[in-house]
Amino acid sequence: MTAAFVDLDRVTLRYGAGDTLALSETTMKIAKGEFIAVVGPSGCGKSSLLKLVSGLMRPSTGTVIVNGQEVTGPLKIVGMAFQNPTLLPWRTTLDNVMLPLEIVEPHRRRLRGARAEYEERARAMLASVGLAGFEGKFPWQLSGGMQQRASLCRALIHEPDLLMLDEPFGALDAFTREELWAILQDLWTRRPFTVILVTHDLREAAYLADTIYVMSKRPGRIVHVRRNELPRPRTLETTFTRDFTDLVHELRNHISAVRAAQDTIPEDAR
Amino acid sequence: MTPRAKAVVDKSMPLLSAVGLFVVWELACRLFAVPEYLLPTPSASFLAAWTYRDAIWMHALQTLLTTLGGFALAVAFGVLLGALVGSSRAVYRAANPLLIGFNSVPKVAVVPILVMWFGIGTVPAVLTAFLISFFPIVVNVATGLATLEPELRDVLRSLGATRTDILLKVGFPRALPFFFASLKVAVTLAFVGSVMSETVASNLGVGYLMMSASSRFNMPLVFAGLLVIAAMGIAMYGAFSVIEHRSTRWAHRGGESL
Ligand SMILES: Nc1ncnc2c1ncn2[C@@H]1O[C@H](COP(=O)(O)OP(=O)(O)OP(=O)(O)O)[C@@H](O)[C@H]1O
Ligand SMILES: [Mg+2]
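Same order as they appear, the protein sequences are chains A and B.
Position 108 (the first sequence) corresponds to 108 in the working numbering; numbering is contiguous.
Position 146 (the second sequence) corresponds to 146 in the working numbering; numbering is contiguous.
Honestly, the hints are just simulated from the structure, not real lab data.
All C-beta atoms, glycine included, are put in the ideal place defined by N, C-alpha and C.
Incorrect hints may have been included.
[As the list claims (entries may be wrong)] Which chain B residues stay away from chain A? Per the calculated CB distances, all over 10 Å, these:
hint: 1; residue: F32
hint: 2; residue: V115
hint: 3; residue: T147
hint: 4; residue: L159
hint: 5; residue: K169
hint: 6; residue: S212
hint: 7; residue: L226
hint: 8; residue: A230
hint: 9; residue: G238
hint: 10; residue: V242
[Said to hold, decoys possible] DEER-style ranges, computed between Cβ atoms:
hint: 11; chain 1: A; residue 1: V223; chain 2: B; residue 2: S104; range: 53 to 61 Å
hint: 12; chain 1: A; residue 1: T61; chain 2: B; residue 2: V108; range: 58 to 66 Å
hint: 13; chain 1: A; residue 1: A171; chain 2: B; residue 2: P112; range: 54 to 62 Å
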């Protein structure tokens with residue numbers, strides 16, 4: 001087996017000195033360019049997992065290796081987007097998207113000289129998610145779905161090798177969400193990067209991911225790994241096929257199982 | 001009412017309320033025959049202001065400059081300290097009790113100390129204005145910096161942003177509305193400080209003018225002094241409101257605001 005791009009080896013995460021165990025013995029191997037999704041009950045440590053991989057937190061035990069190196073501090077090759085688009089209200093959409101270029105090297109150095117060129121890149125990116133013409137608008141003049149698209153652009157403008165998405169479409173209506181699945185798949189097909197997507201939506205996981213990880217209730221563990229071989233590019237039509245619904249059904253059963261299994265065990269230290 | 005008439009009423013509201021206050025005050029004085037040495041009528045106060053206009057002009061200018069001097073110091077110091085307190089937990093924990101303790105000390109009690117150190121005159125007034133007005137600036141700048149959304153911080157840190165990057169790109173722009181809001185409050189407090197110090201320890205400024213007028217039982221002039229201070233306070237507050245609104249339009253989202 002080739003070396004994984006993201007490699008978690010028996011990672012455990014404990015918050016504070018108490019025994020809030022967020023993750024327990026989690027092992028994952030993600031190949032370069034792979035699109036994975038993590039699903040699991042609320043509070044099982046999915047967001048914590050992203051923080052570990054991006055180096056915003058250190059594991060209590062175990063190792064996190066990204067791109068052949070152990071993660072010891074915040075990585076610099078990461079793009080992130082959350083359920084809350086967190087755009088800066090005093091910047092226009094274009095300037096929001098360009099924020100990473102002002103921070104990440106080598107763009108940061110080059111930005112002054114090649115501003116026009118970078119601006120062109122940002123405009124093209126916005127156009128590719130259907131936001132052409134909104135470059136000069138402020139985030140609060142955009143709808144929630146539009147803000148989320150801009151947030152995606154911001155996460156990808158510096159061409160990160162690793163994209164972390166924490167329920168990015170969770171706050172959107174079903175139609176907008178499905179539209180954004182296609183957009184995200186498009187961006188990923190054009191320039192494959194590694195994606196870790198955390199989601200509550202099993203259809204979203206089935207539509208987007210190559211591999212789906214199901215986590216148990218807190219403390220989170222990977223209880224099931226499911227390859228998703230549905231042909232790409234996937235479309236809205238795909239979601240009505242037998243294979244797709246079977247997959248969603250199967251995931252649904254796993255989730256129900258982890259929820260039920262743990263309900264019989266008393267919650268730790270309530 | 002048409003929207004246009006509504007807008008006119010809305011605009012003239014502050015003026016109406018001021019005129020209303022003066023009318024009530026005037027009528028009350030006349031109706032109950034309040035003696036002038038207790039409470040002069042507004043008309044008598046305005047008349048005194050006109051009679052002593054040269055003296056008032058000179059003293060008002062002195063007070064204004066003193067206040068702005070102290071206020072400028074407060075802004076510089078307040079922003080610096082606010083930035084430190086707001087961006088470092090350690091500094092916050094170290095400085096917070098000191099700041100609160102300091103702010104609780106009545107500044108009237110500090111004036112005599114300042115007089116011992118710097119003598120009577122402008123310096124203690126500037127310093128009192130400074131001491132009384134820096135606290136809200138520190139608190140607001142620190143709050144603006146410290147309440148950064150954790151997710152936004154994560155986005156920036158995962159790009160490899162340094163603390164300085166985060167401060168410059170997000171912290172300060174975000175703190176700006178808080179900062180301007182505090183300036184409005186701070187500048188009116190600065191007037192309180194300078195006038196207080198002038199009252200106790202100066203031979204210049206509106207505070208001194210009122211003190212000497214009251215020792216001569218010239219109550220209309222005392223009230224003229226009060227009105228002048230209030231007017232300067234309102235003017236400064238208004239000026240900073242305008243600056244606030246211009247420079248942080250995004251924070252008001254183009255909607256109605258107070
Ligand atoms: N900063 C923190 N301090 C202490 N405990 C925390 C902290 N953040 C998370 N936890 C705990 O760790 C566990 C996992 O949290 P996490 O946010 O990773 O869950 P999640 O799977 O993302 O949940 P959700 O699906 O609701 O977003 C939770 O039980 C939570 O109480
Ligand atoms: Mg979460």
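**Prompt:** Looking back at the numbered hints, which does the structure fail to meet, lowest number first?
**Reply:** 4 and 5
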